[in-house]
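Number of protein chains: 4
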Amino acid sequence: MTTRSEQNPIRVGVLGARGRMGAEVCRAVEAAGDMEVVAMVDSGDWMFDIADAGAEVVVDFTHPDVVMDNLRFCIDQDIRSVVGTSGFDEAKLATVAQWLEPKPELGVLIAPNFALGAVLSMRFAQLAAKYYDTVEIIELHHNRKADAPSGTAAHTARLIAKARTEANLGEIPDATTSDPTGARGGQVDDIRIHSVRLGGLVAHQEVLFGGEGETLTIRHDSLDRKSFMPGVLHGVRAILDHQGLVVGLENLLDL
Amino acid sequence: MTTRSEQNPIRVGVLGARGRMGAEVCRAVEAAGDMEVVAMVDSGDWMFDIADAGAEVVVDFTHPDVVMDNLRFCIDQDIRSVVGTSGFDEAKLATVAQWLEPKPELGVLIAPNFALGAVLSMRFAQLAAKYYDTVEIIELHHNRKADAPSGTAAHTARLIAKARTEANLGEIPDATTSDPTGARGGQVDDIRIHSVRLGGLVAHQEVLFGGEGETLTIRHDSLDRKSFMPGVLHGVRAILDHQGLVVGLENLLDL
Amino acid sequence: MTTRSEQNPIRVGVLGARGRMGAEVCRAVEAAGDMEVVAMVDSGDWMFDIADAGAEVVVDFTHPDVVMDNLRFCIDQDIRSVVGTSGFDEAKLATVAQWLEPKPELGVLIAPNFALGAVLSMRFAQLAAKYYDTVEIIELHHNRKADAPSGTAAHTARLIAKARTEANLGEIPDATTSDPTGARGGQVDDIRIHSVRLGGLVAHQEVLFGGEGETLTIRHDSLDRKSFMPGVLHGVRAILDHQGLVVGLENLLDL
Amino acid sequence: MTTRSEQNPIRVGVLGARGRMGAEVCRAVEAAGDMEVVAMVDSGDWMFDIADAGAEVVVDFTHPDVVMDNLRFCIDQDIRSVVGTSGFDEAKLATVAQWLEPKPELGVLIAPNFALGAVLSMRFAQLAAKYYDTVEIIELHHNRKADAPSGTAAHTARLIAKARTEANLGEIPDATTSDPTGARGGQVDDIRIHSVRLGGLVAHQEVLFGGEGETLTIRHDSLDRKSFMPGVLHGVRAILDHQGLVVGLENLLDL
Chain A
1 MTTRSEQNPI RVGVLGARGR MGAEVCRAVE AAGDMEVVAM VDSGDWMFDI
51 ADAGAEVVVD FTHPDVVMDN LRFCIDQDIR SVVGTSGFDE AKLATVAQWL
101 EPKPELGVLI APNFALGAVL SMRFAQLAAK YYDTVEIIEL HHNRKADAPS
151 GTAAHTARLI AKARTEANLG EIPDATTSDP TGARGGQVDD IRIHSVRLGG
201 LVAHQEVLFG GEGETLTIRH DSLDRKSFMP GVLHGVRAIL DHQGLVVGLE
251 NLLDL
Chain B
1 MTTRSEQNPI RVGVLGARGR MGAEVCRAVE AAGDMEVVAM VDSGDWMFDI
51 ADAGAEVVVD FTHPDVVMDN LRFCIDQDIR SVVGTSGFDE AKLATVAQWL
101 EPKPELGVLI APNFALGAVL SMRFAQLAAK YYDTVEIIEL HHNRKADAPS
151 GTAAHTARLI AKARTEANLG EIPDATTSDP TGARGGQVDD IRIHSVRLGG
201 LVAHQEVLFG GEGETLTIRH DSLDRKSFMP GVLHGVRAIL DHQGLVVGLE
251 NLLDL
Chain C
1 MTTRSEQNPI RVGVLGARGR MGAEVCRAVE AAGDMEVVAM VDSGDWMFDI
51 ADAGAEVVVD FTHPDVVMDN LRFCIDQDIR SVVGTSGFDE AKLATVAQWL
101 EPKPELGVLI APNFALGAVL SMRFAQLAAK YYDTVEIIEL HHNRKADAPS
151 GTAAHTARLI AKARTEANLG EIPDATTSDP TGARGGQVDD IRIHSVRLGG
201 LVAHQEVLFG GEGETLTIRH DSLDRKSFMP GVLHGVRAIL DHQGLVVGLE
251 NLLDL
Chain D
1 MTTRSEQNPI RVGVLGARGR MGAEVCRAVE AAGDMEVVAM VDSGDWMFDI
51 ADAGAEVVVD FTHPDVVMDN LRFCIDQDIR SVVGTSGFDE AKLATVAQWL
101 EPKPELGVLI APNFALGAVL SMRFAQLAAK YYDTVEIIEL HHNRKADAPS
151 GTAAHTARLI AKARTEANLG EIPDATTSDP TGARGGQVDD IRIHSVRLGG
201 LVAHQEVLFG GEGETLTIRH DSLDRKSFMP GVLHGVRAIL DHQGLVVGLE
251 NLLDL
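Chains as they are written, first to last, in the UniProt record's numbering: chain A, 1 to 255; chain B, 1 to 255; chain C, 1 to 255; chain D, 1 to 255.
Chain A with its partners taken away, still in its complex shape (with noise of 0.2 angstroms):
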């Protein structure tokens, strides 16, 4: 990866500036000693700011309504993009990836999740799934969430089967014959994931796996929404050398 200096900081735009994500972004960026803000634009704000300040790179934590056209902006621009905005399906994915054709040497990467925990779980998840015959998600929130499973607990699931699909592991061996409350949970692409809901919880994720005698878990626990500074700082850094569509931050973690 490219290191930068104090002396020659990477000069990052932030889009979504005082957005609650947008302002720990400027924070994050301003406290790292190889980069710096110099364009901060929200909604109202001229977008040739960003182009103006010279910005190499922007972070966007912005809407599902806008971010397309930032992100069409952008590439128009030859500036590289960290997207953290949600509601990307492979439609909006395969536009993005067309946008970029004509300019082969312009990054751009879009994260579903910053959290470095988070998705070095789903990773180490991933490489664990081949070797052990059972597996289930427990995904753990606070009780104001609308939604179960978790979008990351589902990710994870699909993950976890497919490696399994790939190791011809066959289905989940599992006794339960009865079952009348529903205790066992949801189940994704095969794989049971069960969401608890608790006052004083936050986020957090624990995948089980159990073997002859033995069990793997890998748990991961978010309590603060810096929790996302150090994974979008790492792709800050790590887009300026890639070329393409990156999606996940994992691809860019040398795993």
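Bear in mind the hints are in silico, worked out from the structure with no lab data behind them. Where a beta carbon is used, it is the ideal one built from N, C-alpha and C, also for glycine. Please note that a few of the clues may not be correct.
[Stated by the list, open to error] Below, a sample of chain D positions facing chain C; criterion: calculated Cβ distance under 7 angstroms:
no., residue
1, A146
2, G182
3, R184
4, L208
5, G211
With chain A's structure known, arrange chains B, C and D on it following the hints.
Chains B, C and D in isolation, oriented as in the chain A frame:
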């Protein structure tokens, strides 16, 4: 509690002495300094051996089909009982209580779970219940278990629900509006239970309480049927000083 | 416990009202349906405001240097106190008790920890202690904490040690013969304490009990100073019906 | 990896076949569909049985005093080895490597821990190390264990320290200024290790990583020596396709 010594040990008869639990009971009683096995009886053996041997307390890990006959016999012979055999409903318990009426000095303990940690967990859950708005149970067992949720989890849920009602706590607040896969688990008396089944596990339970900015977790891990023995020995010692029918080991613990 | 209503709320004065804890107390009292803030006092303010406003209970999160003067004033004015300020030793507690002698109807609560989960954890640890041969404590805090072990862990160790002594349990069996690096941790009253310091943590504690084939774990996670508020409110309500000096919130809980 | 079938099973010889681990290996090999035990040898038996029986791979759980002779014999006879016997230092490993020089096609696996979960834990700890400022290890074992910390914890600490050095991470930030009882535990290569000893436990380890507002925990629970068998079988299968000396099962896993 009456304390006894090696010089004057408690005389114990074991019913179901050749079963896995019964054999473990025989070993545990012999290893204790203050009691001894005076009779070991299993199916096909002569029940009067128990009386002839002068047993003061009988430990019964047999079968639902024979346990009532065993109890009838012991009560007739003025022998106290510590019963771990399953299958007691309200009707059977009422019958035992009736048999005990003419013998007010005689004690009988019937308990669904002799693991001290399980009993303490349930008691602590009951005590904590009124101080927390939210509570859920996770029980984790090996994947050869046929039923979900576990009996202990269901019993714990009922105890918590009762304590909440007595404290006028109302319904557990839960913002879940979307749960297409059933990931939020089952409910017993409105308490959520999540049943995890995994190779390598034995028998484990967590009760999670959530309040303002904090959580309290009570976890019990049972790795071996030896874990029931301290509770059985405690029951043997304590029942000597108790009159009448006692249901649940927790009533003989000083909590 | 006396219950009060919105029509007839408990009148609460807050000392140290502009401090972080005091401000949180003001918010919590106002949010509760059965009490109201009638006076907010901080350094530089006029203490008689508390009396003039007709406060029934004062909550004191101030400083060890001023808390004794505050208590003297409140007792003179027949106002009950709930004190979270630190620094009370045996001598100070004896002084407060003496001040209370001529006012037998007046209650004062002084507590080192108002988090319900911490208080319940300590109580449960005390209750479980006599049933287990082995016990150790793990406390986990952020890596900005200067001292190890935590005060709560040391206090928990002392409570467990006392319960073991009362139950004639003797020394904890430990086969360790080689520990060149000190990995077995520290000891308070012969109870092992392990102090983990890690970025991302807040304040957490586990008490682990081990017996034959089973373990019992009592875990408390405190993520926010909000976690002290339910304990403070409980103290306010309960102290109305208590006479004399009460040290420790556990004495006002029904356990 | 070469896959073999019931028609053409891998021919396995077991050294130390009457020991607890060896007997478990015999059962595990027989239960696997793609290999069979062709010779069982223990002290007093004739080593040439292994060769006469046409063993392709030998599994050695014997004793540090005899394992070098066993290896010498197997290498001379062109038999591959999977070794779980302990006591290998740099000098012994160098000797084995030298013996293998004239036989470039022959593979030997020597591993300190065959539990897949332990091996995966160590590998994941190594991978995660460079992404976190702070890390500590808690290892928990039954209270009959004589030494602290455990060999696996010490080995894990060394792997983490090495990964930190390679990533130029510097010293772990720690604000502890007062630790009169040694509660902060031991250190191996500057990584803190906490050794818990408790009745009822078997062998457990947690590696805790802490970052900005989040933690990542990798936990391994080993409840039965059966937990080593999948790793042994994996080693038998994988060593068929490997040349030379392999130290550590992790080098034969696809991570």
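Results for each hint:
{"no.": "1", "hint": "A146", "verdict": "5 angstroms, holds"}
{"no.": "2", "hint": "G182", "verdict": "5 angstroms, holds"}
{"no.": "3", "hint": "R184", "verdict": "5 angstroms, holds"}
{"no.": "4", "hint": "L208", "verdict": "6 angstroms, holds"}
{"no.": "5", "hint": "G211", "verdict": "5 angstroms, holds"}
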